[in-house]
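A.B. asks: Sequence lines, in order, name chains A and Y.
Just so you know, we're using our numbering here: the first sequence kicks off at 125 and counts up by one.
Just so you know, we're using our numbering here: the second sequence kicks off at 2 and counts up by one.
These aren't lab readings, by the way, just hints derived from the structure by calculation.
Among the clues, some could well be false.
Stated by the list, open to error - Taking lysine-lysine and the DSS-like style, the derived pairs with C-alpha atoms no more than 25 Å apart in a straight line are: (1) K242(Y) - K205(Y); (2) K205(Y) - K261(Y); (3) K489(A) - K426(A); (4) K489(A) - K229(Y); (5) K212(Y) - K489(A); (6) K426(A) - K13(Y); (7) K489(A) - K13(Y); (8) K426(A) - K278(A); (9) K149(A) - K170(A); (10) K346(Y) - K205(Y); (11) K289(Y) - K426(A); (12) K261(Y) - K171(Y); (13) K346(Y) - K264(Y); (14) K229(Y) - K289(Y); (15) K426(A) - K329(Y); (16) K399(A) - K374(A); (17) K242(Y) - K229(Y); (18) K343(A) - K151(A); (19) K343(A) - K149(A); (20) K242(Y) - K289(Y); (21) K212(Y) - K13(Y); (22) K289(Y) - K399(A); (23) K264(Y) - K242(Y); (24) K261(Y) - K489(A); (25) K399(A) - K329(Y); (26) K81(Y) - K212(Y); (27) K212(Y) - K261(Y).
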Amino acid sequence: MSSATILHADLDAFYASVEQMLDPKLKGRPIAVGGGVVLAASYEAKAFGVKGGMPGRQARALCPELHFVTGHFDQYQRLGDAAIGVLNDFTPAVERISIDEAFADVAGCEHLFGSPEAIAARVRQRVRDEVGLPISVGVARTKHLAKIASQVAKPDGLVVVDPATELAFLHDLPVGLMWGVGPATRTRLADVGVATIGQLAAMPGNSLEALLGPAASNKLRALAWNRDERAVESGRRARSIGAQSALGRKPATEAVYRPALLYLADRVASRLRAKSFAARTVTVRVRFADLRAITRSVTLDKPIAATGMLAEVATDLVAVALADHPAEAFISLVAIATSHLEEVSALQLDLPFDLGDERRRPGSKRGAARWLVDRAMDRVRERFGREAVGYAAIALGRAASVPDGFRELAQREL
Amino acid sequence: MRATLERSNLLKALNHVHRVVERRNTIPILSNVLLRAEDGRLRLKATDLDLEVTETVPAEVRAAGGTTVPAYTLYDIVRKLPDGAEVALDTDAEGRTLTVQSGRSHFSLQILPEADFPDLTAGEFAVRFTLAAAQFRALMERTQFAISTEETRYYLNGIYLHIVASGDDKLLRAVATDGHRLAQAQIAAPAGSEAMPGVIVPRKTVGELQKLLESPDAEVTVEVSDTKIRVTEGDIVLTSKLIDGTFPDYVRVIPRGNDKVLKVDRGAFSEAVDRVSTIASERGRAVKLALGEGRMVLTVNNPDSGSATEELGVDFAAEPIEIGFNSKYLLDIGAQLRSGTAVFKLADPGSPTLIQDDDNPDALYVLMPMRV
Chain A
125 MSSATILHAD LDAFYASVEQ MLDPKLKGRP IAVGGGVVLA ASYEAKAFGV
175 KGGMPGRQAR ALCPELHFVT GHFDQYQRLG DAAIGVLNDF TPAVERISID
225 EAFADVAGCE HLFGSPEAIA ARVRQRVRDE VGLPISVGVA RTKHLAKIAS
275 QVAKPDGLVV VDPATELAFL HDLPVGLMWG VGPATRTRLA DVGVATIGQL
325 AAMPGNSLEA LLGPAASNKL RALAWNRDER AVESGRRARS IGAQSALGRK
375 PATEAVYRPA LLYLADRVAS RLRAKSFAAR TVTVRVRFAD LRAITRSVTL
425 DKPIAATGML AEVATDLVAV ALADHPAEAF ISLVAIATSH LEEVSALQLD
475 LPFDLGDERR RPGSKRGAAR WLVDRAMDRV RERFGREAVG YAAIALGRAA
525 SVPDGFRELA QREL
Chain Y
2 MRATLERSNL LKALNHVHRV VERRNTIPIL SNVLLRAEDG RLRLKATDLD
52 LEVTETVPAE VRAAGGTTVP AYTLYDIVRK LPDGAEVALD TDAEGRTLTV
102 QSGRSHFSLQ ILPEADFPDL TAGEFAVRFT LAAAQFRALM ERTQFAISTE
152 ETRYYLNGIY LHIVASGDDK LLRAVATDGH RLAQAQIAAP AGSEAMPGVI
202 VPRKTVGELQ KLLESPDAEV TVEVSDTKIR VTEGDIVLTS KLIDGTFPDY
252 VRVIPRGNDK VLKVDRGAFS EAVDRVSTIA SERGRAVKLA LGEGRMVLTV
302 NNPDSGSATE ELGVDFAAEP IEIGFNSKYL LDIGAQLRSG TAVFKLADPG
352 SPTLIQDDDN PDALYVLMPM RV
């Protein structure tokens, strides 16, 4: 059996911790970043049940002393980079998965820096000293277990899982800690009496498959037995590019989601184009007021990278998703993710057949015109900044409940 | 059923028919080949429900009858038998197995009843004409590469075979397009074909026909109905469903007034395109053609690996133009042209370009540029 060399490092309550660091008066107090919606909560606030995504009013009801701060969005990226950058001083095998967490594989680094446990302890100390933020680290034999270990270590802790006793460690934990188990799956498992990872591991194959479908059940069973072959991939090429927007509690109407999606499409499509990618699959996610989320996706005949086309496809998908859930009157988040990315450096034009299916074809006359507009806009933005030029519909239709700075950060890969 | 025949005859026929059989089938009998022995012949038939191929070979028939056995298994068995061997095929009395006997080799194969085997051949064929196999092959060969694979545009997933009037003459024309390029080839309409309805022959059928029509000197009989096409060459009969759809009005995308005429040595051009596109990492990266008085400069830029440039002397006297094309598409068309000199008729970097042989008006290619 291989040894435990994979680290998962995760900054604790990142946004809230940054605020407490920048303003020492906030230290030890329950704070929330945001206003209309809680974007992030400190551990002190979480103790009262305050959670990210919660409406501000509800959070205040749970925790009357809750202090709201608007957020230093300009600082988050810099501090996140600085903290994750510490890992690079120990190993080149660092895979960052979001602004505030990363995997690192320290196999072969022991003779330089000591045991994985010693390295993890030094990482924590250095992030505390140099960046001023608490970071929790899990150390295990697989990525999945390392991530679970860091969650167990929180707040501000270190957990090393000995390969000899890893199943005993894993099987006592709640299923909700597993990758791929969200609120919906957790509820379904709870309905059949499965609360711990051990109970899930012991479930007969057929009943698990009947409950969750073949793909999800195979994946979860493997993870429950700590079978996770994924390696830490540094410099990994993006397999998907996406962005999400928290909306607060808004009516599920086109007037709400269309501008939000156009805004996201602008972000996602310009990132696609910056990397010379076009996407064949578009996925949207809609979260309702009760935080249940649904996704819808479509795979297109030709990969797309134009803002307008991505927005149209996403808007159609959200309309379908909402039509399937007519009882849901409010939405709290929309997201766009693009995948099946193909390298496209030039646009192949279509013969002008006028076949009536040209709305989603990047090479159609309209698609080509959009591509030229987007490219021109990309060049202006490159030179004069993102705000220099944009789609009027986005500039005018921007929903005001979430600060722009947070939107920028919320564009984590989905 | 009891029949004996030469291994080479059986192998040749199986080689033709077994390709139609899909490797994975939900309906078990579609994995089988039908064998029917009677009147001194063995008839073999395979189908995927859209396409059916039969071939008849001489055999010594001791008891007439028919059955079906797994096609790939029988093909593999016969393939491995020694050259010059005799093969005896026998069904047992209970109708459960077929025995394949050759020399000291003995195989017993499970069978399914002949009566369950689907039949595509029923129906009337209103149009019937005959032409040289080489001509028919050429029509398909010159257009096949442009067939679309997009499932949503199913009506482009084949070759559109139809009759057009040209002055007092009628032409049999084949057209295929994938939305980016279009290929057209034509011959004088064979006697009897004039009343043929326009039909779309599916891609798989086109591929099989290419392989079946091996001998260039043979005569081919083509029969067409509104829903099917049947092609007969000697002992081989291919019957296929047609694509049920409307082929778009392709004439509108063929440019008529392009006045920038370029003449270039076909071989030298294809080689230059091939060389500069070496630098391209992705499939079908754009090659930029910069045309000026008497010269063409080909350029490929790949930000990840570098760039490539090559200059060619050409016959060009129009206003200078820069235009980008998918390098793979240029190579595909270069491979289809026949004459030493290729003629390009261009308009602008956003409009269709016409490409032809300089001495053959019967085939033409239309290519849409890339925006670079």
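A.B. asks: Please go over all the hints and tell whether each is borne out by the structure.
C.D. replies: Hints and how they fare:
1. K242(Y) - K205(Y): holds, 11 Å
2. K205(Y) - K261(Y): Measuring from Cα to Cα gives roughly 38 Å; hence the hint is violated.
3. K489(A) - K426(A): holds, 15 Å
4. K489(A) - K229(Y): violated, 36 Å
5. K212(Y) - K489(A): With a Cα-Cα distance of about 39 Å, the restraint between K212(Y) and K489(A) is violated, given a limit of 25 Å.
6. K426(A) - K13(Y): Given pair K426(A), K13(Y) is violated - Cα atoms ~41 Å apart, limit 25 Å.
7. K489(A) - K13(Y): Status violated; Cα separation ~50 Å.
8. K426(A) - K278(A): Not satisfied, since the Cα-Cα distance of roughly 45 Å exceeds 25 Å.
9. K149(A) - K170(A): Measuring from Cα to Cα gives roughly 18 Å; hence the hint holds.
10. K346(Y) - K205(Y): Distance of about 32 Å is beyond 25 Å: violated.
11. K289(Y) - K426(A): Since the Cα atoms of K289(Y) and K426(A) sit roughly 22 Å apart, the hinted pair holds (cutoff 25 Å).
12. K261(Y) - K171(Y): Roughly 30 Å separates the two Cα atoms, so the pair is violated.
13. K346(Y) - K264(Y): holds, 9 Å
14. K229(Y) - K289(Y): violated, 43 Å
15. K426(A) - K329(Y): The given pair, whose Cα atoms are some 17 Å apart, holds under the 25 Å limit.
16. K399(A) - K374(A): Judged against 25 Å, a Cα distance of about 33 Å means the pair is violated.
17. K242(Y) - K229(Y): holds, 4 Å
18. K343(A) - K151(A): It is violated: about 41 Å lies between the C-alpha atoms, which goes past 25 Å.
19. K343(A) - K149(A): With a Cα-Cα distance of about 45 Å, the restraint between K343(A) and K149(A) is violated, given a limit of 25 Å.
20. K242(Y) - K289(Y): violated, 42 Å
21. K212(Y) - K13(Y): holds, 12 Å
22. K289(Y) - K399(A): Within the cut-off at roughly 21 Å; holds.
23. K264(Y) - K242(Y): Not satisfied, since the Cα-Cα distance of roughly 41 Å exceeds 25 Å.
24. K261(Y) - K489(A): Roughly 22 Å separates the two Cα atoms, so the pair holds.
25. K399(A) - K329(Y): holds, 23 Å
26. K81(Y) - K212(Y): Holds: K81(Y) and K212(Y) sit about 22 Å apart, inside 25 Å.
27. K212(Y) - K261(Y): violated, 39 Å
Checked against the numbered hints listed earlier, the structure breaks hints 2, 4, 5, 6, 7, 8, 10, 12, 14, 16, 18, 19, 20, 23 and 27; every other hint is satisfied.
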